[in-house]
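K.L.:
So the chains spell out like this:
2 protein chains.
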Amino acid sequence: MNVSSSSGPAAVETQAGPAISSVTLPNGMQVVVIPDHRTPVVTHMVWYRNGSADDPLGKSGIAHFLEHLMFKGTEKHPQGAFSDKVTELGGQENAFTSLDYTAYFQRVAREHLRTMMEFEADRMTGLVLSDDVVAPERDVVLEERRMRTETDPGAQLGEAVSAALFAHHPYGTPIIGWMHEIEDLDREDALAYYRRFYTPENAILVVAGDVTTEEVVAHAEATYGRIPPRGEAPVRRRPKEPEIRAARIVKLADPKVEQPSLQRCWIVPSYTTAAPGEAEALEVMLQILSAPQTGRLHKRLVLDKRIAVAAGGWYQSTAVDPSRLLLYAVPLPGTDLDTLGTALDEVVAELARDGVTDKELQRAKTRLVADAAYAQDSQASLARMYGSALATGSSIADVEHWPEAVEAVTAADVMEAAKKLDPRRAVTGQLLKDEAA
Amino acid sequence: MNVSSSSGPAAVETQAGPAISSVTLPNGMQVVVIPDHRTPVVTHMVWYRNGSADDPLGKSGIAHFLEHLMFKGTEKHPQGAFSDKVTELGGQENAFTSLDYTAYFQRVAREHLRTMMEFEADRMTGLVLSDDVVAPERDVVLEERRMRTETDPGAQLGEAVSAALFAHHPYGTPIIGWMHEIEDLDREDALAYYRRFYTPENAILVVAGDVTTEEVVAHAEATYGRIPPRGEAPVRRRPKEPEIRAARIVKLADPKVEQPSLQRCWIVPSYTTAAPGEAEALEVMLQILSAPQTGRLHKRLVLDKRIAVAAGGWYQSTAVDPSRLLLYAVPLPGTDLDTLGTALDEVVAELARDGVTDKELQRAKTRLVADAAYAQDSQASLARMYGSALATGSSIADVEHWPEAVEAVTAADVMEAAKKLDPRRAVTGQLLKDEAA
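Heads up: the protein sequence lines correspond to chains D and W, in order. In terms of my numbering, the first sequence opens at residue 4 and continues consecutively. In terms of my numbering, the second sequence opens at residue 4 and continues consecutively.
Derived from the structure by calculation, the hints contain no laboratory data. Don't take every hint at face value.
Any copy will do: because identical chains look the same in the list, a pair fits if it lies in one copy or spans two.
Claimed, not checked - Only pairs whose alpha carbons sit at most 25 angstroms apart, straight line, appear in this in silico BS3-like list of lysine-lysine:
id, residue 1, residue 2
1, K259, K423
2, K436, K259
3, K422, K259
4, K436, K422
5, K436, K362
6, K423, K254
7, K368, K302
8, K243, K62
9, K423, K362
10, K423, K436
11, K259, K79
12, K254, K436
13, K75, K243
14, K88, K75
15, K368, K423
16, K308, K88
17, K254, K88
Excised from the complex, chain D in its bound form (with noise of 0.2 angstroms):
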């Protein structure tokens, strides 16, 4: 077993937070512990290194699908169990799938933890799948897509805008899948797919809350570290994408829009691909642009320029592979989207060829900082915060340096993160109302 403790007097130095411990047990399952004793309370979640970006080709949805069924029981544990024990217990879950990793979690009374990792240990290799409960289940998520996209023509949007930005990566496929493959999607897909990522040398396990390091790994070790090993952790594979040298403009018109909308994305580095500094860069430089109120898409936008109600941004920075960032503007009536596009890029060119002053530099950073710090707050997001970050391969180290990182961000780093959203690479989304229909 390997115990480490990554909370140098470094990061105690610049945050004055808990002291996560990470341990690897011998099965090659990782253990994080993040001290959090304000209420009697743990956040229990596992994550797995697997998330939509890794479903077979032509079986996109399978990780999501997946996530579902894994709530359909083990031969120790029928279906339900696991839920009623956990609401038996006045306690909450969940879970999740993201591109890069699939989460479950529990969140219960401190004196709970080891009944939940009982359960959630046993479903990591005990899951029983029947063609009963598939085929229903695989109804509710075609019906969860249907809801959610088929019907809503900025969520169809959403899912061509994406398609357009990744051409070959997956990150260009929905994260639910495309409909015609969840219709294929069948028991042996899942178990496949079950079998392959499953395993605990795929899995983190985060505990935060009021409970030691020592308690955690003995509990682990005793639940969780049973498991045998799969003897290597599974390897993601994944195409990359190429370099596409061209703007790309999706315009989608329905009589169902009510209010049109402009979106331009870029791919950029994300924590995982950027050299050091460069996403930081990029968080700050979005926090310049796109704060609520303060950032500069609302100043120029919407107060000095009065074209839009409402513009601001969005960068996916926690990602396995290069990612994506988002800037947006929705038009004041009378506005087309063309206009809107050009004031948004003049606004982003201004960045780049002007830089930024001391002081917008000093309350992006401020703000961005003390975002983080607020999120802690909360257990679960604390957990959430370590779980991703580990998911999609930064380290502990990583997020507890972050602060001192965002504080390096110069200026002049700051413009050439804007250099990098170039409108003539850009993928826009165009959301209009079909007048016509």
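Fit chain W to the supplied structure of chain D, relying on the hints for placement.
P.N.:
Just chain W, lined up with the frame of chain D:
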């Protein structure tokens, strides 16, 4: 051995062409003989039912790369021996890789057919590859890509448009492969691909020329017939395309562009996937829209409106999976591409709304059938017509009865076909001169 003559009375009635035979050797290889006694020459082609769309994920370009490597020699015939022999015999040779197939052909005097078969059969299983020949040939392919695509804005736009049109299906990947994936192709990739697809079950021999079925089959049995069967035909594994409900516009502006242009593409059924008559209706419709001088696009955009210097279209009808139809227009100086696109849409909408005249319909059909008849005048294109049809899942009878199927297309069918070209689902390519740079 299973011999069948596919040229039934119906075909003889409508087309005074040769009686084409198809034979399947015991090892699964199909042998097609197309008598053509006009000159004492034969065209010898071997078609494999695998093309770039069968490249394994992350290994784009392997079908095309292997096509290059197939000239690197076998134990029996070292590198250059086959080509030297063709030259010595006064013949011609070539090879090509398409989305759905790879083919090798030689054209020689009839008495050398057996020699060609011996060489071609030898390299179906006897290819010898060393790293010494693989690495330099990969550089050749990389240079080919650099020359054709990397430095040509039109080719770059074409790749981006294809990638946008086929978001998921491998028809969106260039035949030559993505640069970064070609760079990683190695000897093992080539041999694994070779072993998977270069089998008698996956091959079609097409011989057109001054030969009889009996002699071709006798030669084939003595050469290809000696290759042991693999046991089963390789399977093409391709994801299906989701229905993307958005218009997509791909813009590329480059200082090197001399002539801007506009293209609109749609995914439409191919002969293999279409309902009976549907692909023929698309062909007739395309003819009506895009025939040189007489097509509606030329008439409306070039002659009437004087906004284009050229306009036309293209339909990739021979394909295993749903395929593409493309319309294009080249603007007169002073016409912007959005205006041109709207005018193009109006021509299509008019066809879908108001239909065609009998005269227009008949002229389109006559021309289509005549073009196909003219193509058969060349032995190589005759052989190619059958080879490509068979390699994508059509039958000899389909090819033979095609003129009748075209004649059966009605004005209503053409209107239906035109309705498939919905601008709200189109992928548009805009090639622009970058004046700023």
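K.L.:
Hints first: check each against the structure and report whether it holds.
P.N.:
Status of each hint after checking the structure:
no.	hint	result
1	K259 - K423	between (34 angstroms within a copy, 22 angstroms between copies)
2	K436 - K259	within (7 angstroms within a copy, 37 angstroms between copies)
3	K422 - K259	between (36 angstroms within a copy, 22 angstroms between copies)
4	K436 - K422	between (32 angstroms within a copy, 22 angstroms between copies)
5	K436 - K362	neither (40 angstroms within a copy, 40 angstroms between copies)
6	K423 - K254	both (23 angstroms within a copy, 18 angstroms between copies)
7	K368 - K302	within (19 angstroms within a copy, 61 angstroms between copies)
8	K243 - K62	both (19 angstroms within a copy, 10 angstroms between copies)
9	K423 - K362	within (23 angstroms within a copy, 56 angstroms between copies)
10	K423 - K436	between (31 angstroms within a copy, 22 angstroms between copies)
11	K259 - K79	neither (48 angstroms within a copy, 68 angstroms between copies)
12	K254 - K436	both (11 angstroms within a copy, 23 angstroms between copies)
13	K75 - K243	neither (35 angstroms within a copy, 29 angstroms between copies)
14	K88 - K75	within (14 angstroms within a copy, 66 angstroms between copies)
15	K368 - K423	within (20 angstroms within a copy, 52 angstroms between copies)
16	K308 - K88	neither (56 angstroms within a copy, 74 angstroms between copies)
17	K254 - K88	neither (48 angstroms within a copy, 56 angstroms between copies)
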